[in-house]
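Residue numbers (our numbering), protein chains in the order written: chain V, 1 to 324; chain U, 1001 to 1321; chain H, 2001 to 2300.
Hints in this document: simulated from the structure, not taken from any laboratory.
Even glycine gets a Cβ: it sits at the ideal position worked out from N, Cα and C.
Check each hint, because a few of them may be wrong.
If we take Cβ atoms under 8 Å as the criterion, some of the chain H residues that face chain U in the derived model are [what the hints assert, rightly or not]: (1) Trp2020; (2) Val2140; (3) Ser2143; (4) Leu2147; (5) Thr2236; (6) Phe2239; (7) Phe2259; (8) Val2261; (9) Ile2271; (10) Ile2277; (11) Met2278; (12) Val2281; (13) Asn2285.
Keeping only pairs whose Cα atoms sit at most 16 Å apart, straight-line, the calculated EDC-like set for lysine to aspartate or glutamate is [unchecked claim]: (14) V:Lys203 x V:Asp187; (15) U:Lys1221 x V:Asp26; (16) V:Lys11 x V:Asp75; (17) V:Lys293 x V:Asp263; (18) V:Lys111 x V:Glu128; (19) U:Lys1003 x U:Asp1308; (20) H:Lys2024 x H:Asp2293; (21) V:Lys11 x V:Glu68; (22) U:Lys1216 x V:Glu83; (23) V:Lys150 x U:Asp1308; (24) U:Lys1216 x V:Asp98; (25) U:Lys1221 x V:Glu60; (26) U:Lys1129 x H:Asp2293; (27) U:Lys1229 x V:Glu81; (28) V:Lys18 x H:Glu2018; (29) V:Lys63 x V:Asp26; (30) U:Lys1216 x V:Glu60; (31) U:Lys1229 x V:Glu83; (32) H:Lys2209 x H:Glu2018; (33) U:Lys1232 x V:Glu128; (34) U:Lys1221 x V:Asp98; (35) U:Lys1216 x H:Glu2018; (36) U:Lys1124 x V:Glu60; (37) U:Lys1124 x V:Glu59; (38) U:Lys1221 x V:Glu59.
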Amino acid sequence: MKNILEVNGLKTYFHTFKGVVKAVDDVSFSLKPGEILGLVGESGGGKSVTGFSLIKLIEEPGKIESGEILFNGTDIVKLSEREMSGIRGKDIAMIFQDPMTSLNPVYTVGKQMEEVLVLHQSHLSKQERKERCIELLKDVGISNPESRLKNYPHQFSGGMRQRVVIAIALACNPKLIIADEPTTALDVTIQAQILKLMMKLVKEHNCALILVTHDLAVVSEVADKINVMYCGKIVETGTRDDIMFNHVHPYTKGLIGSIPKLDQSQNRLETIEGIVPNMFQLPKGCNFAPRCKHVDKKCLEVEPVISEVGKLHHVACHHPKGGA
Amino acid sequence: MLKYILKRLGQLAIVLFIVSLLVFFLTSIVGNPLDLLVRENATPQEVEIARKYLGLDKPLYVQYFRFITNALKGDFGLSYMYHQSALKMIAERFPATLEMVLVAMTISIIGGVGFGVYAGAYPKRKSSKFVMTCSIAGISLPSFWIGMVMIYVFGLKLGWFPVSGRGEVGTIFGIETSLATLDGWRHIILPALTLGMGSVASMMRLTRAGMQENMKQDYVKFARAKGVKNHKVLFGHALKNTLIPVVTIFGMQLGSLIAFTTITETIFAWPGMGKLIIDSINSADRPIISAYILFVAVMFVVINFLVDMLYTVIDPRIDLQ
Amino acid sequence: MSELALKESKLNKMLQSETWYNYKHSWTAKIGSFLIISIVLIAIIGPLFVPQNPYNLADLALEDAYLPPVWEDGGRAPFLLGTDQQGRDILSAIVYGSRVSLFIGIVGTLLASTFGISMGLLSGYFGGRVDSIIMRIADVQLSFPSLLIALFLMSLIGQGVVNILIALLLVGWVRYARTVRGATLSVIQNEYIEATKVIGLSNLRVIVKHVLPNVLTSIIVLSTIQVGGFILTEATLSFLGMGVPITRPSLGMLCSNGFSVLYSGLWWVSIFPGLYIMMIVFGINLMGDFLRDEFNPKLK
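Modelling step: build the complete structure from the supplied sequences, incorporating the hints.
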């Protein structure tokens, strides 16, 4: 099966007055149609910026410096803004984090849903569009869809708004959906519902999904592959089982270790010592070195390169699993 | 909805009540009205007669009551200078002021909102930056100075427009107005431009600020993620959000325009309310002053009320149920 | 660290701050501050350099009257910007007049801000009745244009510098009060969980200590713009004859004087003072704009 997405050496830098922030620094990965990729890491790790880079929605002072993003064989980095707007919403769709602010408060939900159909499926008549919108709302589990179309966003609860956002994302049957922390802003009870809904729909439409999140627990349930990012770089990547059970990078170990275990008794929550470094002054050598338990002289001097650990399992570390 | 309207009307009444108290107090009590009526060396008996005549021997609340009932009938007394009904004089001059305000308002909406949206939508362009610097200059200009420059350059030096007075009056739809004649327009252009200049600059800045703020919102980014093209994002999404608060600002601008007619009418000898009140203040013509204050207070209160109502209608987020 | 070293490091911090960086790159801010500094300097030491003190009658000579600016026919040095109908040098008049205008603008702002901040603190702190009354007055006041309020006040109490200051205070306190009240309320809600109303002076001090740093940036921006606004208001009032007395002419009054001879073609008597007013307020507004953008978190 051919890859739906191939990212090679993506670099997205932010040029601020204080200096350059290498938010995404030489990131490479690929995705097959219908696959679910989890992009995890702490806040500021570069995962959201990666997501936005894939759809080329990086605003100043950020810029995609170099790299390739091959979507269905085409390098979209080279595409013009006009060509990109033909892809956004149609072939690649995005779900934002905060449903309270994603929707325009002064237009009805129906109008905002229709908008994406008007743009990318202009062959539809007005009546057909309306029917499609109703169908979409039904799919995401909103009752009374016909009357809901005339409502404004503030008349929906947070969870329901996110359902609308998901509906908009699926409207044109995209091949790839990028979901940026889709459940973080929701109540805990709703989170599971929304996640379940997303998984169901994504499978039904055979759509690839990149799930950007800091919540490893979420990712462990649904992802096929996982990329662990730290300070703009991928430190470990592999299948779900690889990462959850056979991880080798100390950071990954720390992340997994800090998930509270409900079925065992714990005295204390495990944490990763130290704090995320200042992005303007990244350490020489490995970015994680200052916080790593297995650090040695080499780690402080030389940046680790990606090396193979298993069939689809790669890591960037001088001493994976603490060994030599 | 009805409850809300009633509540607002109630607040309106309170405000007018307070203003009427102030006007009563300031114009009937402060200073000695007697001085204007009696000779300098009047005898105590003459003073007493005058006092009884003016009702000044009655307790304050009675005087106030008389004042209010008269005011509600439209009777503010006769102007000291012109010996006509104070309120009638103001009402007669109101149309002239209204004309100028309307023309200035139109200029400021078209110019202000137009330029503001442009500068907010494309903030990095050189033309936008130039427009914005002009707007800062615009709000820094003293209104009277603009008037003088206009008079000197366009009136005296170039001779394009007359520099004082109102033009000929004609009728449109049965209303008498100088906007119906070419001569009327020739006379109104300079004063209206002078009056509107500050307002254009204000509206420009506020609209631009609104556009900029809205452009940074998440829903704009989301619209882009849907594939909406740039100009549609600007004028479809951001604009509507920007225009809604412009309505309230517009209400304030209207009040400001009315206030500044005092200057513009004085400079251009325009026969409106503004000139009347300035002349009356200078000649201590109390009946006209009190009539003007209340007239204008009613106007502002009503304007604010209407703007509030308009706002609740156009902003879908406001749910009065 | 020694005192000097401490001060130096503070200065360093300021120089490296984002605000300074933005300032260096903003030509509007630089022009604005240049204008302000120049104008203040002119006001302070200007009188030493101008040809005459226009309010000292002994300095004036009628044969110098009606002179146009030096670059026009008939103009003559040292009356660079011309003279008025009594031989007053316009340039000197502007320098002296600007002192009055600036004085009123700055002192007026100090008074209005002090009063407004106090009202806001009281309103937020005491809440209840006091708060209602103060805010009600503020709302009513805000629904009327400040020029009209100032106009009627002045017509009532008469001309005079002190009177103008009083009028400006009464017109300008509202915005400060509102801003500070909002900040006070949010501080109170943060710092005290459920009210056991222990009202003591010590509590008021604590609240003031917490509130002021929060509102500092808003007050700075507000005050900067207020100075410009007051200068314009005073100029307008003086132009209408309801501002400063003839003995202490401000720039507005100079314009008023010049207006009467404008129609005879003596444009310089009114145009130059007005232009100077514009430059003062323009400089202030440029700075005010810069500061407002700097301190506005929504635009970051």
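The hints, checked one at a time:
no.: 1; hint: Trp2020; verdict: 21 Å, violated
no.: 2; hint: Val2140; verdict: 5 Å, holds
no.: 3; hint: Ser2143; verdict: 5 Å, holds
no.: 4; hint: Leu2147; verdict: 5 Å, holds
no.: 5; hint: Thr2236; verdict: 6 Å, holds
no.: 6; hint: Phe2239; verdict: 5 Å, holds
no.: 7; hint: Phe2259; verdict: 6 Å, holds
no.: 8; hint: Val2261; verdict: 11 Å, violated
no.: 9; hint: Ile2271; verdict: 7 Å, holds
no.: 10; hint: Ile2277; verdict: 5 Å, holds
no.: 11; hint: Met2278; verdict: 5 Å, holds
no.: 12; hint: Val2281; verdict: 4 Å, holds
no.: 13; hint: Asn2285; verdict: 5 Å, holds
no.: 14; hint: V:Lys203 x V:Asp187; verdict: 24 Å, violated
no.: 15; hint: U:Lys1221 x V:Asp26; verdict: 25 Å, violated
no.: 16; hint: V:Lys11 x V:Asp75; verdict: 14 Å, holds
no.: 17; hint: V:Lys293 x V:Asp263; verdict: 27 Å, violated
no.: 18; hint: V:Lys111 x V:Glu128; verdict: 14 Å, holds
no.: 19; hint: U:Lys1003 x U:Asp1308; verdict: 14 Å, holds
no.: 20; hint: H:Lys2024 x H:Asp2293; verdict: 14 Å, holds
no.: 21; hint: V:Lys11 x V:Glu68; verdict: 9 Å, holds
no.: 22; hint: U:Lys1216 x V:Glu83; verdict: 23 Å, violated
no.: 23; hint: V:Lys150 x U:Asp1308; verdict: 25 Å, violated
no.: 24; hint: U:Lys1216 x V:Asp98; verdict: 14 Å, holds
no.: 25; hint: U:Lys1221 x V:Glu60; verdict: 13 Å, holds
no.: 26; hint: U:Lys1129 x H:Asp2293; verdict: 15 Å, holds
no.: 27; hint: U:Lys1229 x V:Glu81; verdict: 9 Å, holds
no.: 28; hint: V:Lys18 x H:Glu2018; verdict: 8 Å, holds
no.: 29; hint: V:Lys63 x V:Asp26; verdict: 14 Å, holds
no.: 30; hint: U:Lys1216 x V:Glu60; verdict: 12 Å, holds
no.: 31; hint: U:Lys1229 x V:Glu83; verdict: 10 Å, holds
no.: 32; hint: H:Lys2209 x H:Glu2018; verdict: 26 Å, violated
no.: 33; hint: U:Lys1232 x V:Glu128; verdict: 23 Å, violated
no.: 34; hint: U:Lys1221 x V:Asp98; verdict: 12 Å, holds
no.: 35; hint: U:Lys1216 x H:Glu2018; verdict: 20 Å, violated
no.: 36; hint: U:Lys1124 x V:Glu60; verdict: 12 Å, holds
no.: 37; hint: U:Lys1124 x V:Glu59; verdict: 14 Å, holds
no.: 38; hint: U:Lys1221 x V:Glu59; verdict: 10 Å, holds
When held up to the earlier numbered hints, the structure conflicts with 1, 8, 14, 15, 17, 22, 23, 32, 33 and 35 and fits the remainder.
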